[in-house]
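Chains as they are written, first to last, in full-length UniProt numbering: chain A, 1 to 325; chain B, 1 to 314; chain C, 1 to 330; chain D, 1 to 280.
Heads up, a few of these hints could be off.
To give an idea of the interface, some chain D residues facing chain C are shown, with a C-beta separation under 8 Å as derived from the structure [unchecked claim]: (1) Trp56; (2) Val94; (3) Asn115; (4) Ile116; (5) Pro121; (6) Val124; (7) Tyr132; (8) Leu209; (9) Ser213; (10) Ile217; (11) Gly218; (12) Leu240; (13) Phe248; (14) Ile255; (15) Val264.
Selected chain D positions facing chain A (in silico; Cβ < 10 Å) [to be verified]: (16) Arg167; (17) Arg174; (18) Glu187; (19) Asn191; (20) Ser224.
In short, the hints are calculated from the structure, not lab data.
This one's a predicted model, so the numbers in the text were calculated from it and none came from an experiment.
Positions of the beta carbon are idealized from the N, C-alpha and C atoms, including for glycine.
One letter stands for each residue in the lines below.
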Amino acid sequence: MLKLDGVSKVYRVGAFGGRALTAVSGVGFEVGEGEVVSLIGESGSGKSTIGRMVLRLTRVSGGTITLDGKDISSIRDRKEYYRQVQGVFQDPFSCFNPVFRADRVFAMIKEQYFPGAGAREWRKRVEDALESVRLDPGNVLGKYPHQLSGGQLQRMLIARAVLLDIRLLVADEIISMLDASTRIDVLNLLADLRARGLGILFVTHDLSLGNYVSDRTVVLRDGKIAEMGPTPLVFGDPRHPYTRSLLAAVPRLHTKWTDLPADGTAADAAEDLPCAYHEAAQESRTRPGLAEVADGHFVACSGGGKAAGAALAKKTLAKNTKETA
Amino acid sequence: MALKVTDLRVYYRTLRGEVKALDGVTFSVADGEIMGLAGESGSGKSTLAKSLIRLDGRMRHAGGTVELDGRELPIADDRAMDEFRFREVSLIPQYSMSALNPTRKIGKMVGELLAARGVPDGTAELERRLELVGLSKDVLGRYPIELSGGMKQRVVMVVSTLLDPSLLIADEVTSALDVSSQKAVATTLLGFRDHGLVTSMMVVTHDISLVYQIADTILVMYAGRLAEKAPAEVLVTAPRHPYTRQLVAALPEVGVRYEDRRLTGIPGNPPSLLDPPGGCRFRDRCPLAFEQCAEQPPFAEVAPGHLVACWKAE
Amino acid sequence: MRRYFGRKLLVYGLTFFVAVTVNWMIPRFMPGDPVQSMLSRANVAQPAAVEAMRVHYTAMFGFDLPLWRQYLNFWGSLLRGDLGISIWLFPTPVTDVIVRAVPYTLGLLIPSILLSWVAGNRFGAFAARRKWLDNTVLPLGYVLTATPYMWLAILLAWALGIIAGIFPVAGAYGFDLQPSWSWEFVGSLAQHWFLPFASLFLVAFGGWAIGMRNMIIYELEADYVNYLRALGAPTRLVRRYAFRNAILPQVTGLALQLGVLVAGALVTEIVFSYPGLGHLILQAIQNQDFFLLQGTFLFIVIGVLIANFVIDIAYVLVDPRTRTGMGEAA
Amino acid sequence: MRSEALHFALRNRKLVVGTVVITVFLVAGVVGPMTIGHKPADYVGPAMAPPSGEFWFGTTTFGQDVFAQFLYGLRSTFLVGVLGGVLASVVGMVVGFVAGYRGGWVDELLTMVTNIVLVLPALVVLLIVNAYLGVRSVGVQALFIGLTSWPWAARAIRAQTFSLRSRDFVDLARLSGVRTPKIILREIAPNMSSYLFLTFILLFGSAILIAASLDFIGLGPTDSVSLGLMLNNAARWSALQLGMWWWFVPPGAGITAIVGALYVMNVGLDEVFNPKLREM
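Could you build the full structure based on these sequences and the hints that come with them?
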């Protein structure tokens, strides 16, 4: 359904576009109907930029994004596109205009897409949508955003997207600001939507969340794909040293970091492995820069083994400002 | 006992009345203990952390005492607290990226701070400790804007622990970080304790899996009160409070997939703390609730080092 | 930093260009014949002199040339320092008239701007410290900034000049004196200088004090202040940092306020018949001396641009962020 | 949230005092002239009379009623303030919104223009314009003041817009198919309505001050009385030397009171809208 092909994003920074900053380069993957694809990366990996490009909030600098084979930038009528593709963002509080009631997000949809709908009919639709995200309409309609919890707001935004009978949902870090006791329910909602045939692009920095809900995983690093494939393969048999070190750094609930092979050894072990890309046969390099090491499991060159691991170790603390792009 | 908090109450003044953000908490932290303080937003964990070092303008100390190394902390008296700050209690704030004065060179700022606190010359020690976290002493001659976010965070960590405080409070220091950076920061915190730079530590976080990695014990708060405190391993594997149990069960882990095991959250929302209901505050969301829950359960020891505030916890 | 100055200079260059163009354009948009309207008001008795002036001004405007030529000629004579000849003081060149007046205006402006800025900032920071001071001083500050410059000048002249008779209220020095380096003359100069200076100083002082007070209050909410406080830093240190950081927007504020301050000086000079640029402007308007008016305008614009540039340099000196090349948010 | 603002508004002394002062002067300026039987320029009384029961503010050298001039003058002062303030706010808003929302080269260009107008000393430009073009009515005076005093407002609004633009609700509106002008008007502007109002108040005050200076220099309206013109006349006819304080004190005091009340109101409103500044 959705297909990215060699997509790049170059930002011009400074006055009159003096310098160029490449946020995304040559990324290609697909999202099928009824499929959840998680886009995993650290801050600065370009994952949110990709989400914004799919939502046409940011222009594509190179490559194409197509929906059912049609270049999305050629769809003149943005509304027509947004009828099929919608997004939910990280900060639910920032998604609601604080000076208006929260249900204004629904009114906006009505105004733009269903101006002819009767008030009663529309209210029924909104209530149905709210119930489909397990919200009690009586509890949330007519309230101001600050009177609702983050979880409630985020569900309302999903309900808003559902009102449009969309086919693809871009979920950008939608649960990272929610409390632990409610975030899993929102995550479950994504799975429910998938069951209804929606394609979902789930952008996250949290490996365990991505793993929980997605069919396929794309691991991004510095704007490029490091590894991608069916989620069980990527997490069960990571072939790129970057994926391995990410996995090693994730705090787990029943295993301490100290229980894993010590820091250095894990990295060293990864480095000693030969580069999966170069090991692979020439004919398996079916995509630019990626080699297919198993069915649907692609991996990029580790960038000279040691370099990649060392780069991560260095990066460890150097880069932790939140991604803003 | 390094830290002993007894029936501490701190309220927030708001227009609609006082929010009982911290409503009677009693616990202690032993020498050398790293205690994780976990809870959701509105649980009172940040209020507790702030209360131990500096109440902000809208907070009111409504009762209870805090004792550190046998001395009572005058937490309601901003002036008197100054003597304890930095030397006895210190803080690594959530806002490390903006915690340094942007118009002063870092070395100069630290020097002026130390001089103002009556510490003779700390430069040599400062340089040594910067090296410990992998920074060269050159950073002292630079302005904060010349450092990366990670470097600033490390500088703040070093400055906060420079006077070897008895208690270090780390307030959500990892929440905005990438996984790899989280690990490094958490490990550095652990190193501070292991090198004896700080005696005990309170690590405030919303992320139980992270704090589990470094803490000896974990204290879980809910709606302004304590729910459970136990050794980290016990809290994660055998929690006794129904809230903790549900919370831990709601955390997805690497390897758990939706198709295999559908996790569930905790239905409902925490009560408003403007006028909280009497009795156990979790009872509206609690699957085990019964009549007795209308009465506040004591925060009682159910096993050595394991305290729970629940009538059903045996 | 190079970029920072580069951008600033570009803006100033363009501003100068715009000012000159406006200056050139306006007489050409004026209804009727500017030369005729100027001469009709000129207090010149002999017809021969009037004829000489007509020839001169018609040539100056060069109305018979194509517009672009007129425009280039205008720039040409401007760059030669030729601003035409004053009607009011015919046949003195405008440049000479202005150069004679400039020292008086600068003598008023520079001390009143600098002193009010320094004193206002100190005082504002001091006022933010105590509640009662804040509550009493703040309203006073607002009244001062809201006062029209000329009205305060009139009040001071009336109270201290006319009623108390302490200070003279007109001119830059006694009518019976000739400029010289005698004690008597300098004393008279200072006496005449004081009231206009004081009224400029007071109005500006109120503005700076309020600005500083608000800045300090914002600054004391900053994260670095909270951090310092959490580490038990004494109030003295915190305030010193806050003051230093709150000064930065005040430096920018100085640049923004320059136009208002200059305007204040002009009207104050008029009140005191002080022989600076303000006085020239009044005379130019009353005598329909457009060349003088235009020349004064250009002079003031150039002065303001130079002052802006000086402030930019000062800003770089006080804010390390501009020097590292990372904080190019200007 | 709204009732909260009202709650603080009514308890904010600065705001209340400022509003009362403005209202009193406004009523005096609007209603006052109707209660006076003669025109402000009429020679109705003895010359140079100090304040008395008949002529509250005394008379001028020519026997004109200073109080009548004051009331009429208030009217043009408010008029110039409101017209100039509104115009400057509108220009500042358009430039600020567009530059802040569009960004890129549009922003570069508008910022450049803004900076140029900002650096030019407004009063001096107005002097030239007024002297040549013979601007002699309150409306035209307000027009020129409005056209020269918008830059700082544009800069401030641009900065605010810039930070609001990156908020997610703007993206959400775009995802709902809402067009840009509507997003600015219905999403961004309401979020800074208090800020826009504060900007307007400051522009209002500064327009009054600029107009007073122009009037004083002798470039004021010829078709009406204003507080600045009264000062100009008083100075021109040596009220100072003649000790006729009743001639030059009221107009200046009027301007100071109005502009000062506007500023104090501004601070009061700022405290109401901005919880950080509220006194607990």
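Next item on the list: Against the earlier hints, flag every one the structure doesn't satisfy and list their numbers going up.
Entry: Violated hints: 1, 2 and 20; rest satisfied.
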